[in-house]
Every structure is written in structure tokens, then in C-alpha cells.
Amino acid sequence: QKEVEQDPGPLSVPEGAIVSLNCTYSNSAFQYFMWYRQYSRKGPELLMYTYSSGNKEDGRFTAQVDKSSKYISLFIRDSQPSDSATYLCAMRWGSSASKIIFGSGTRLSIRP
Amino acid sequence: DAGVIQSPRHEVTEMGQEVTLRCKPISGHNSLFWYRQTMMRGLELLIYFNNNVPIDDSGMPEDRFSAKMPNASFSTLKIQPSEPRDSAVYFCASTPKQENTEAFFGQGTRLTVV
Numbered sequence: 001q002k003e004v005e006q007d008p009g010p011l012s013v014p015e016g017a018i019v020s021l022n023c024t025y026s027n028s029a030f031q032y033f034m035w036y037r038q039y040s041r042k043g044p045e046l047l048m049y050t051y052s053s054g055n056k057e058d059g060r061f062t063a064q065v066d067k068s069s070k071y072i073s074l075f076i077r078d079s080q081p082s083d084s085a086t087y088l089c090a091m092r093w094g095s096s097a098s099k100i101i102f103g104s105g106t107r108l109s110i111r112p
Numbered sequence: 001d002a003g004v005i006q007s008p009r010h011e012v013t014e015m016g017q018e019v020t021l022r023c024k025p026i027s028g029h030n031s032l033f034w035y036r037q038t039m040m041r042g043l044e045l046l047i048y049f050n051n052n053v054p055i056d057d058s059g060m061p062e063d064r065f066s067a068k069m070p071n072a073s074f075s076t077l078k079i080q081p082s083e084p085r086d087s088a089v090y091f092c093a094s095t096p097k098q099e100n101t102e103a104f105f106g107q108g109t110r111l112t113v114v
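Just so you know, the protein sequences line up as chains A and B, in that order. Counted the way my numbering counts, the first sequence spans residues 1 to 112. Counted the way my numbering counts, the second sequence spans residues 1 to 114.
Chain A extracted, bound-state conformation (with noise of 0.2 Å):
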């Protein structure tokens, strides 16, 4: 079993919907989470970041953490051609020395 769990997608859905990405996780130690974007050609680059449990808000983009289900999720509002991208969780432990661990990356498609 995979440390870090995504749905790898493609997921299509139309300009403005709500989109819901998730990821679950098996090792309790991870106390860090990530949300990455990466376009084609492209490293992946920051999105969000978050080490409690609960919402954290950002313009269009709400990260959410549920450490007892071992759960997080990225919902992205009023989505845009723009955000067509993978995006990859991650998660690390709190020192840092600990690695980082990432998901496989779910393709998003918002169709105008």
C-alpha cells in the first residue's frame, strides 16, 4: 500500500463548477500538507499548505484536513479554464530533515 493515496482522474468538468480533490494517507506521523499545481511541461509549484485539522481558505481555493480519517481534500470554486493542471498532495513529517511524500496527481480539465 501507498503511503499517500490519489485518484490519478482525468476529471472534466465545466467553467464555474465546484471542483472536490482528495487524498488519503496511511502514516499518522505526517503532520505537514500540501497541495501542488503542476502544468504541462512544468514543475509543480505551490498551491496551499496546512498542518492542522480543519479549513484553510484561500481566494477560490479551500485545503481541509481531517487528521482522524486520515483525509485531506483541495476544493477549487468558480473554476476556470486556468486551472487545468495536475494537482499533487503531499505530506511530510515536522522536522525538517523528514521527506516528503506525494501523491500521484489527479488531471483536471475545466472545459469552457
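Rather than coming from a laboratory, the hints here were simulated on the basis of the structure. Errors might be hidden in some of the hints.
Said to hold, decoys possible - Okay, derived cross-link-like pairs now, DSSO-like style, lysine-lysine, Cα gap no bigger than 30 Å in a straight line:
#1 LYS97/B x LYS56/A
#2 LYS2/A x LYS99/A
#3 LYS67/A x LYS97/B
#4 LYS42/A x LYS97/B
#5 LYS24/B x LYS99/A
#6 LYS99/A x LYS68/B
#7 LYS68/B x LYS2/A
#8 LYS67/A x LYS99/A
#9 LYS24/B x LYS70/A
#10 LYS2/A x LYS78/B
Claimed, not checked - Reference excerpt, derived from the structure (chain A facing chain B, CB under 10 Å, subset only):
#11 LEU88
#12 ALA90
#13 SER98
#14 GLY103
What the hints assert, rightly or not - Which chain B residues stay away from chain A? Per the calculated CB distances, all over 12 Å, these:
#15 GLN17
#16 THR38
#17 SER73
#18 LYS78
#19 GLN80
The C-beta atom is built at its ideal place from N, Cα and C for all residues, glycine as well.
Chain A is fixed; fit chain B onto it per the hints.
Only chain B this time, still in chain A's reference frame:
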């Protein structure tokens, strides 16, 4: 800062040849990660260093793969001999010293072994 710099951006080589990928992390960062990305397996952690010391190389797929970090500003990932199944995009990333920080990625090296 120029960010994480990887070279080359693209590499095409014949099976059996040695391949060396290079990475220059962001100045002041003390952890460096090598990842491999494929459609089938996603983004896999191969090895990571902290203060130039390899901490975890359990993701290195075979003995054909090796990585070094001779100083804080340079790392290499070597594949010898290369095989077609090594074809992938290889990313280098670095993180600063503080706890709970994200990784900053380079643009990647697209490797094709024919």
C-alpha cells in the same frame, strides 16, 4: 534567486549509456530531493539529502542509480547503464532549514532512453 536549476532540460541517450543529471538547489536550502515522474507511477521520491548527507535512498530503484551531493550547491543523479524503462521526467527540489516548509522544484530533466 533563480530557483532550483536542473540540467540538461532534455536528454536522449541510447540504452547502455551513462546518464548524469545535475541540480543546483536554492542558495541557503539544506535539504535536496530527487524525484522521478511517470504517467504510470506518478511522482516518486528516489533519494533525499540533508546538509549534503544522504538520509533515505530507499526509493532508488536499482544499483544502476546513484546520487551524490559533494557540496551544498550541487547534486548529481547518475544512471549507469541506462535502460528504456528509465525514461521519465526527473525533478530536483530543495527546502529551507525551517520546519514545515514546502519543496521548491526545478523545471525537470526529460530523459528518453532508446
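Structure-based check of all given hints:
{"no.": "1", "hint": "LYS97/B x LYS56/A", "result": "holds, 24 Å"}
{"no.": "2", "hint": "LYS2/A x LYS99/A", "result": "holds, 15 Å"}
{"no.": "3", "hint": "LYS67/A x LYS97/B", "result": "holds, 25 Å"}
{"no.": "4", "hint": "LYS42/A x LYS97/B", "result": "holds, 25 Å"}
{"no.": "5", "hint": "LYS24/B x LYS99/A", "result": "holds, 19 Å"}
{"no.": "6", "hint": "LYS99/A x LYS68/B", "result": "holds, 17 Å"}
{"no.": "7", "hint": "LYS68/B x LYS2/A", "result": "holds, 26 Å"}
{"no.": "8", "hint": "LYS67/A x LYS99/A", "result": "holds, 19 Å"}
{"no.": "9", "hint": "LYS24/B x LYS70/A", "result": "violated, 35 Å"}
{"no.": "10", "hint": "LYS2/A x LYS78/B", "result": "holds, 26 Å"}
{"no.": "11", "hint": "LEU88", "result": "holds, 6 Å"}
{"no.": "12", "hint": "ALA90", "result": "holds, 8 Å"}
{"no.": "13", "hint": "SER98", "result": "holds, 9 Å"}
{"no.": "14", "hint": "GLY103", "result": "holds, 7 Å"}
{"no.": "15", "hint": "GLN17", "result": "holds, 24 Å"}
{"no.": "16", "hint": "THR38", "result": "violated, 10 Å"}
{"no.": "17", "hint": "SER73", "result": "holds, 19 Å"}
{"no.": "18", "hint": "LYS78", "result": "holds, 21 Å"}
{"no.": "19", "hint": "GLN80", "result": "holds, 25 Å"}
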